[in-house]
Amino acid sequence: MAAPTVVLLPVWGAGHLMSMLDAGKRLLTRGGRALSLTVLVMRAPTEQLAADLDAHIRREEASGLDVRFVRLPAVQPPTDFHGIEEFISRLVQLHAPHVRAAISSLASPVAAVVMDFFCTALLDVTRELAVPAYVYFTASAGMLAFFLRLPSLHEEVTVQFEEMEGAVDVPGLPPVPPSSLPVPVMDKNHPNYTWFMYHGRRFAEADGIIVNTAAELEQSVLAAIADGRCTPGVRAPTVYPIGPVISFSPPPTNTEHPHECVRWLDTQPAASVVLLCFGSQGFSAAPQAHEIAHGLERSGHRFLWVLRGPPAPGERHPSDANLSELLPDGFLERTKGRGLVWPTKAPQKEILAHAAVGGFVTHGGWNSVLESLWFGVPMAPWPLYAEQHLNAFTLVAYVGVAVAMKVDRKRNNFVEASELERAVKELMGGGEEGRKAREKAMEMRDACRNAVEEGGSSYSSLRRLSEKISWRERLDADMPSPTIVLLPMWATGHFSSMLEAGKRLLFCSAGRTAAYSLTVLVTPPPMAASSEASSSQQAHCEMMATVDGIVFHHLPAIEHRTDLAHPSEYIRLYAPQVKEAIAGLAAPVAAVVVDFFGTPLLDVAHDLAVPAYVYFASTGAMLALMLRLPGIQEELASRLREEGGVVDVPGMPPVPVASMPSPDVNDYTWFAYYGRRFLETRGIIANTAAELEPGVLASIAGGRCTPGGRAPTVYPIGPVLSPKPRVVVDARSSSSAQECIRWLDAQPPASVVFLCFGSMGWMNAEQAREVAAGLERSGHRFLWVLRGPPAGSGSGHPTDANLGDLLPDGFLERTKAQGVVWPGWAPQLEILAHAAVGGFVTHCGWNSVLESLWHGVPMAPWPLYAEQPLNAFELVACMGVAVDLRVVGTGRASSVVEAAELERAVRSLMGGSEEGRKAKEKARKMKAACRKAAEKGGSAYAALQAVVQDMLESHVPGTAPK
Numbered sequence: 032m033a034a035p036t037v038v039l040l041p042v043w044g045a046g047h048l049m050s051m052l053d054a055g056k057r058l059l060t061r062g063g064r065a066l067s068l069t070v071l072v073m074r075a076p077t078e079q080l081a082a083d084l085d086a087h088i089r090r091e092e093a094s095g096l097d098v099r100f101v102r103l104p105a106v107q108p109p110t111d112f113h114g115i116e117e118f119i120s121r122l123v124q125l126h127a128p129h130v131r132a133a134i135s136s137l138a139s140p141v142a143a144v145v146m147d148f149f150c151t152a153l154l155d156v157t158r159e160l161a162v163p164a165y166v167y168f169t170a171s172a173g174m175l176a177f178f179l180r181l182p183s184l185h186e187e188v189t190v191q192f193e194e195m196e197g198a199v200d201v202p203g204l205p206p207v208p209p210s211s212l213p214v215p216v217m218d219k220n221h222p223n224y225t226w227f228m229y230h231g232r233r234f235a236e237a238d239g240i241i242v243n244t245a246a247e248l249e250q251s252v253l254a255a256i257a258d259g260r261c262t263p264g265v266r267a268p269t270v271y272p273i274g275p276v277i278s279f280s281p282p283p284t285n286t287e288h289p290h291e292c293v294r295w296l297d298t299q300p301a302a303s304v305v306l307l308c309f310g311s312q313g314f315s316a317a318p319q320a321h322e323i324a325h326g327l328e329r330s331g332h333r334f335l336w337v338l339r340g341p342p343a344p345g346e347r348h349p350s351d352a353n354l355s356e357l358l359p360d361g362f363l364e365r366t367k368g369r370g371l372v373w374p375t376k377a378p379q380k381e382i383l384a385h386a387a388v389g390g391f392v393t394h395g396g397w398n399s400v401l402e403s404l405w406f407g408v409p410m411a412p413w414p415l416y417a418e419q420h421l422n423a424f425t426l427v428a429y430v431g432v433a434v435a436m437k438v439d440r441k442r443n444n445f446v447e448a449s450e451l452e453r454a455v456k457e458l459m460g461g462g463e464e465g466r467k468a469r470e471k472a473m474e475m476r477d478a479c480r481n482a483v484e485e486g487g488s489s490y491s492s493l494r495r496l497s498e499k500i501s502w503r504e505r506l507d508a509d510m511p512s513p514t515i516v517l518l519p520m521w522a523t524g525h526f527s528s529m530l531e532a533g534k535r536l537l538f539c540s541a542g543r544t545a546a547y548s549l550t551v552l553v554t555p556p557p558m559a560a561s562s563e564a565s566s567s568q569q570a571h572c573e574m575m576a577t578v579d580g581i582v583f584h585h586l587p588a589i590e591h592r593t594d595l596a597h598p599s600e601y602i603r604l605y606a607p608q609v610k611e612a613i614a615g616l617a618a619p620v621a622a623v624v625v626d627f628f629g630t631p632l633l634d635v636a637h638d639l640a641v642p643a644y645v646y647f648a649s650t651g652a653m654l655a656l657m658l659r660l661p662g663i664q665e666e667l668a669s670r671l672r673e674e675g676g677v678v679d680v681p682g683m684p685p686v687p688v689a690s691m692p693s694p695d696v697n698d699y700t701w702f703a704y705y706g707r708r709f710l711e712t713r714g715i716i717a718n719t720a721a722e723l724e725p726g727v728l729a730s731i732a733g734g735r736c737t738p739g740g741r742a743p744t745v746y747p748i749g750p751v752l753s754p755k756p757r758v759v760v761d762a763r764s765s766s767s768a769q770e771c772i773r774w775l776d777a778q779p780p781a782s783v784v785f786l787c788f789g790s791m792g793w794m795n796a797e798q799a800r801e802v803a804a805g806l807e808r809s810g811h812r813f814l815w816v817l818r819g820p821p822a823g824s825g826s827g828h829p830t831d832a833n834l835g836d837l838l839p840d841g842f843l844e845r846t847k848a849q850g851v852v853w854p855g856w857a858p859q860l861e862i863l864a865h866a867a868v869g870g871f872v873t874h875c876g877w878n879s880v881l882e883s884l885w886h887g888v889p890m891a892p893w894p895l896y897a898e899q900p901l902n903a904f905e906l907v908a909c910m911g912v913a914v915d916l917r918v919v920g921t922g923r924a925s926s927v928v929e930a931a932e933l934e935r936a937v938r939s940l941m942g943g944s945e946e947g948r949k950a951k952e953k954a955r956k957m958k959a960a961c962r963k964a965a966e967k968g969g970s971a972y973a974a975l976q977a978v979v980q981d982m983l984e985s986h987v988p989g990t991a992p993k
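Basically the numbering used here = 1-based index in the sequence shown + 31.
Keep in mind that the hints were calculated from the coordinates and are not lab data.
The structure displayed is predicted, hence computed values, not measured ones.
Backbone N, C-alpha and C fix where the C-beta goes; we use that ideal spot for every residue, glycine too.
One should not assume that every hint holds.
Derived Cβ-Cβ restraints for the label pairs, each shown as a range [unchecked claim]:
1) Pro-839 with Ser-693: 48 to 56 Å
2) Ala-614 with Ala-127: 40 to 48 Å
3) Pro-108 with His-185: 44 to 52 Å
4) Arg-495 with Ala-34: 17 to 25 Å
5) Lys-949 with Val-188: 42 to 50 Å
6) Gly-95 with Thr-189: 39 to 47 Å
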């Protein structure tokens with residue numbers, strides 16, 4: 032079988048193409064497994080670029096390495112573009128059909144596709160072909176951090192960047208002045224800006240980002256990317272810093288006829304010459320060339336100046352300079368003893384490697400920066416275009432290897448003679464700034480060289496990348512597909528949500544080399560919850576049994592215990608059975624996913640050496656609180672006793688004590704236990720979306736919830752909505768429940784307030800009468816699902832309501848044209864989807880909240896138990912999708928809402944109050960955000976792909992427990 036191939040997708044620019052080819056060749060020569068390279072070549076848009084591209088390819092084809100070039104058919108370039116970044120991105124996008132055809136036709140198995148960062152539109156192709164995709168980022172990690180941060184910055188900064196007050200926050204960098212931002216983002220109305228936003232969003236979909244930098248160069252920036260500070264609410268991308276990627280020694284030269292620039296340098300003292308060179312696109316018109324000449328002459332320092340002239344008419348590339356037209360009269364004669372002006376291309380690397388060069392005035396292109404650092408040459412940056420202004424800031428304010436030079440962006444990056452003179456004197460002379468830059472440049476030279484040597488940071492990063500790319504080779508074709516073991520809790524909201532999440536994992540893995548199956552270990556509910564929970568479990572199992580690839584394994588019931596106060600204590604007793612069931616599976620086990628109540632079963636996964644994940648069916652805010660609890664448990668205990676106290680949950684406003692979750696037993700002991708143990712997992716799969724809780728998810732990723740410990744990896748794959756099987760209810764209820772829908776069909780759009788309190792919510796007569804009075808006085812239409820108290824002390828499940836016992840006399844008659852009271856189970860999801868429903872009074876169970884948001888229905892939260900008070904606070908104070916409803920007390924039987932308060936809240940929710948208007952508007956926005964998150968390319972879809980990929984990578988066939 033042919034060696035797997037890595038497909039490279041570069042763009043045609045020399046700085047992009049050559050850097051990616053060099054990175055690819057490192058994979059060939061330093062990776063741990065045999066790979067080949069296939070380079071898909073897009074035709075360059077100009078004759079000059081096409082000729083340069085062909086020359087590069089001919090040299091590479093003659094190198095003898097296993098590199099194959101495939102030229103893609105030419106496409107018609109766009110003509111209606113407004114900037115180079117837009118042009119490149121759109122031209123790349125037009126190649127999608129040819130890229131798909133080329134990859135599909137390769138004889139070798141494709142291990143991965145590595146694409147230039149301008150090619151992110153082609154991630155759609157790799158997803159369709161089920162091929163891992165990586166982005167190769169030729170610029171700095173600082174620029175990558177800015178790219179990743181830009182989508183959230185766009186929301187935070189509502190004016191043009193140059194109009195904002197203060198600096199721009201790019202995590203890992205010092206505060207960035209707006210004047211140092213990349214050229215393409217300076218006008219938010221320009222298509223270039225739109226494309227930068229597009230690329231920044233799509234980077235998260237890649238399996239990793241390969242960056243041409245070293246950990247030692249940009250340590251804090253890389254850390255900020257890794258811990259999620261650049262991507263609030265979205266998973267942090269995996270970054271592989273493998274640089275500096277350059278040819279490590281100058282190309283062989285003819286020692287008898289070295290380049291004229293090199294011969295001139297041979298006659299100069301060590302570290303005495305400042306090199307001025309501005310990349311393949313840099314040129315100077317006569318006014319600027321005169322300023323440079325005067326500045327160099329007055330500086331008194333030796334110089335080698337590579338001067339290119341403006342492009343010829345109709346051309347885009349600099350021309351060879353006509354020195355007599357560009358330079359001041361007599362300049363060459365006056366400086367011939369200490370300077371050389373070179374009017375065409377020059378061998379920059381060879382010049383920077385020369386001992387005579389002591390400083391570099393550069394445009395700040397990242398490849399040039401890395402070459403300068405490789406040879407320990409300090410810089411004075413003169414940025415011209417693209418990201419170079421940010422590079423210049425980074426070199427001066429962050430890395431410390433350059434002296435500042437004032438560049439006038441409003442005059443096309445003009446530099447006055449006096450400013451150049453000052454900068455050259457500082458760079459080459461005895462000033463403190465120049466001395467520090469020279470010292471730091473030498474440090475970075477050593478750091479860069481150490482990074483790429485065996486055992487260095489970049490070498491190790493490259494090996495990790497190679498191992499990740501070649502994991503497919505380790506898959507044995509004769510081995511059964513791996514299985515994911517799900518361990519759900521019996522409660523309906525937990526059980527159905529985890530099954531639906533598992534189904535998504537199953538479908539997401541379809542088409543991959545190692546498609547999964549699902550094995551669901553079903554734990555019987557304890558006696559107190561057995562009847563209704565068992566029926567619900569059975570119904571969901573029967574519904575899911577029709578899905579290919581899902582197998583249910585029912586664990587035998589254990590002896591009933593009356594001394595267990597918490598669900599996790601009961602689940603813990605099943606550890607021996609769970610261990611035996613997993614160990615007995617024929618398929619290799621890729622991962623075990625436990626409900627957060629099943630956290631004690633992590634011990635089983637550890638014993639069997641199987642990767643473990645937690646499925647968290649609640650909010651990101653509740654997850655943040657659990658993670659934070661181990662460090663604040665004692666402080667929290669006293670805070671909860673304070674009247675009017677607040678609690679710090681990272682990523683949220685201060686949480687009032689009254690809005691804290693109501694634990695079942697032992698205060699918050701079990702919550703803290705979960706928070707500690709979550710850190711033992713490979714990841715937490717959360718039923719939320721990045722767009723719903725960006726601040727909270729960013730706080731978790733940034734380590735604010737786990738100070739002193741590692742931040743857990745969170746995969747926000749929600750909203751995971753659980754379809755309710757019809758067999759959950761008896762035939763009478765199922766049939767008559769349609770009456771609710773028929774009644775709604777007769778109501779005007781958005782006119783009905785829906786009241787429903789979950790599978791465990793019920794009311795006694797006193798509370799039911801308050802609700803009835805409030806609804807009647809509100810004047811609004813209503814659909815009220817009313818359940819009665821449990822039948823006996825041993826059952827926690829509501830009964831169908833006896834309306835005659837619970838409601839005030841005459842209420843049903845007086846409101847028969849206004850509302851319906853429904854005394855049994857009702858199809859909540861179907862009701863919320865109905866156009867007549869305009870508001871939802873809810874207990875705030877998270878599944879109910881997600882269903883409401885999915886359909887854009889604003890809420891009035893009436894929390895009853897568990898984490899619902901915190902959910903209610905978040906809906907009102909953070910998301911803004913709900914109006915406040917004052918609830919006195921907590922618990923199913925003791926949380927009371929008075930009639931007047933319900934009347935006020937319903938009027939606010941359904942009427943014209945400002946609070947209600949804002950909640951309706953925000954709910955509509957959240958509806959769009961939730962649906963977009965779940966679509967291909969959305970944040971939840973990307974998180975789902977990420978967790979599947981992580982499971983694949985953590986699974987090594989042949990290690991299934993026996």
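Here is how each hint holds up against the structure:
no. : hint                             : result
1   : Pro-839 with Ser-693: 48 to 56 Å : violated, 29 Å
2   : Ala-614 with Ala-127: 40 to 48 Å : holds, 47 Å
3   : Pro-108 with His-185: 44 to 52 Å : violated, 28 Å
4   : Arg-495 with Ala-34: 17 to 25 Å  : holds, 20 Å
5   : Lys-949 with Val-188: 42 to 50 Å : violated, 22 Å
6   : Gly-95 with Thr-189: 39 to 47 Å  : violated, 56 Å
When held up to the earlier numbered hints, the structure conflicts with 1, 3, 5 and 6 and fits the remainder.
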